[in-house]
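Visitor: Sequence:
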Amino acid sequence: MFNLSALKLNQSTIKRAAISLVVAVILIGGGWFVIDWLSYKSVTFNLSSNTKSIAVYDEDQYETYAKSEGSSSAANDGKLESTGTLRLRTGTYYVVPMGDDISLDKIKIQINDNTKSIDIKPYYSDDYLTSNFSDQMAAINTTISDKYADIISDYTIDNGTFYHYGDWYGTTLYSEVTREGGSDTYGIILHNVDGVWRIAAAPELVFRYSDHKDIPTDIIDAVNRSAND
Numbered sequence: 243m244f245n246l247s248a249l250k251l252n253q254s255t256i257k258r259a260a261i262s263l264v265v266a267v268i269l270i271g272g273g274w275f276v277i278d279w280l281s282y283k284s285v286t287f288n289l290s291s292n293t294k295s296i297a298v299y300d301e302d303q304y305e306t307y308a309k310s311e312g313s314s315s316a317a318n319d320g321k322l323e324s325t326g327t328l329r330l331r332t333g334t335y336y337v338v339p340m341g342d343d344i345s346l347d348k349i350k351i352q353i354n355d356n357t358k359s360i361d362i363k364p365y366y367s368d369d370y371l372t373s374n375f376s377d378q379m380a381a382i383n384t385t386i387s388d389k390y391a392d393i394i395s396d397y398t399i400d401n402g403t404f405y406h407y408g409d410w411y412g413t414t415l416y417s418e419v420t421r422e423g424g425s426d427t428y429g430i431i432l433h434n435v436d437g438v439w440r441i442a443a444a445p446e447l448v449f450r451y452s453d454h455k456d457i458p459t460d461i462i463d464a465v466n467r468s469a470n471d
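The opening residue of the sequence shown carries number 243 in the working numbering; numbering runs sequentially from there.
Hint data in this document are derived by calculation from the structure and do not stem from the laboratory. Fair warning: there could be bad hints in the mix.
Unchecked claim - Here are the computed lysine-lysine pairs in the PhoX-like style, where the Cα-Cα straight-line distance is at most 25 angstroms: (1) K455 with K350; (2) K363 with K283; (3) K348 with K294; (4) K309 with K350; (5) K309 with K294; (6) K294 with K358; (7) K321 with K363; (8) K283 with K389; (9) K348 with K358; (10) K309 with K358; (11) K321 with K350; (12) K389 with K363; (13) K350 with K283; (14) K321 with K309; (15) K283 with K309; (16) K283 with K455; (17) K294 with K321; (18) K294 with K283; (19) K455 with K363; (20) K363 with K350; (21) K389 with K358; (22) K283 with K321; (23) K283 with K348; (24) K363 with K348; (25) K363 with K294; (26) K389 with K294.
Just so we're clear, the structure is a prediction, and the values are computed from it rather than from any experiment.
With these hints in hand, go ahead and build the complete structure from the sequences.
Guide: Written out as structure tokens, the structure is:
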């Protein structure tokens, strides 16, 4: 005989079970949302006066951006046109700046649990360095000549390059005899400290990172290339 009360009970049980399942799904989904939200940090990017905007890419996004040859449509984790805050997970990112008289090279940054703000101050562009620091050449050449007064007459100080904020300079020294013979050319690196040019790395055929830990590696690479061209 058909038991109507049992059917009603089963329907009631099924309804309660369905409601419980929906509530569980909502709670689990909400929990994952909270966990995901908490995995992001609010990081303030302080832009220098010459920096008009930045785009921030994680490692995968930057790889796509680079392959697209700098397409503005490439996915990113955020853009800013002035000092502001972005929410980011911990990890490695690349900041691509835009602005006046600045290098547009990517800036690698690391976001960790303690990161609250990052100063974005790109180096000067090559054109800006060339046109605004040429008046420093006399002081630089005098610094080199005075330091190596006993031998400098045998060498020519080549036209060098300013780096970063115009506070680093690299050039080469060569003698006409060795230059014609295709032999040794020496690199030399100077650093401007408190308005005074100082020898940061004495003349060498090849600079090694381990010997000059206080000199930025990109400058060492650049001067090594110049000395070995």
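Visitor: Next, verify each hint and record whether it holds.
Guide: Tested hints:
For the suggested pair K455 and K350, the alpha carbons sit about 19 angstroms apart, so the restraint of at most 25 angstroms is met. For the given pair, K363 sits about 21 angstroms from K283 by alpha-carbon distance, which is consistent with the 25 angstroms threshold. With a CA separation close to 15 angstroms, the supplied pair K348 and K294 stays within the 25 angstroms bound. Distance hint between K309 and K350 is fulfilled; the C-alpha atoms sit about 17 angstroms from each other, no more than 25 angstroms.
Proximity of K309 to K294 is assessed by CA-CA distance (about 24 angstroms); at most 25 angstroms being required, the pair is judged to hold. Taken as a hint, the K294 and K358 pair is honoured in the structure, with Cα atoms around 21 angstroms apart against an allowance of 25 angstroms. Between K321 and K363, the direct Cα distance comes to roughly 16 angstroms. Compliance with the 25 angstroms bound is thereby established for this hinted pair. A distance of roughly 51 angstroms separates the Cα atoms of K283 and K389; the hinted pair therefore is violated under the 25 angstroms criterion.
Under the criterion of a C-alpha separation no larger than 25 angstroms, the hint pairing K348 with K358 is consistent with the structure, at around 20 angstroms. Straight-line distance between C-alpha atoms of K309 and K358 comes to about 31 angstroms, which puts the hinted pair past the 25 angstroms bound. Our distance criterion of 25 angstroms between C-alpha atoms is met by K321 and K350, whose separation comes to about 16 angstroms. For a cut-off of 25 angstroms, the pair hint linking K389 to K363 is broken: about 33 angstroms separates their Cα positions.
Under the criterion of a C-alpha separation no larger than 25 angstroms, the hint pairing K350 with K283 is consistent with the structure, at around 18 angstroms. At roughly 19 angstroms between alpha-carbon atoms, K321 and K309 fall within 25 angstroms of each other, so this suggested pair holds. Among the hinted pairs, K283 with K309 is inconsistent with the structure: their alpha-carbon atoms are about 28 angstroms apart, more than 25 angstroms. Distance check on the hinted pair: K283 and K455 sit about 32 angstroms apart at the alpha-carbon level, beyond 25 angstroms; violated.
Distance restraint check for K294 and K321: the Cα-Cα separation of roughly 11 angstroms lies within the 25 angstroms cut-off, and the hinted pair is therefore satisfied. Of the supplied pair hints, the one linking K294 and K283 holds, its CA atoms being roughly 24 angstroms apart against a limit of 25 angstroms. Between K455 and K363, the direct Cα distance comes to roughly 22 angstroms. Compliance with the 25 angstroms bound is thereby established for this hinted pair. Distance check on the hinted pair: K363 and K350 sit about 12 angstroms apart at the alpha-carbon level, within 25 angstroms; holds.
A C-alpha spacing of about 45 angstroms is found between K389 and K358, which places the hinted pair above 25 angstroms, so the restraint is violated. For the given pair, K283 sits about 16 angstroms from K321 by alpha-carbon distance, which is consistent with the 25 angstroms threshold. Simply put, K283 and K348 have alpha-carbon atoms about 22 angstroms apart, close enough for the 25 angstroms limit, and the pair holds. The hinted pair formed by K363 and K348 meets the criterion: a straight-line CA distance of about 12 angstroms does not exceed 25 angstroms.
As the CA atoms of K363 and K294 are separated by approximately 11 angstroms, the hinted pair is consistent with the 25 angstroms bound. A threshold of 25 angstroms between alpha carbons decides the hint, and for K389 with K294 the separation of about 42 angstroms lies outside it, so the pair is violated.
Hint violations for this structure: numbers 8, 10, 12, 15, 16, 21 and 26, all remaining hints satisfied.
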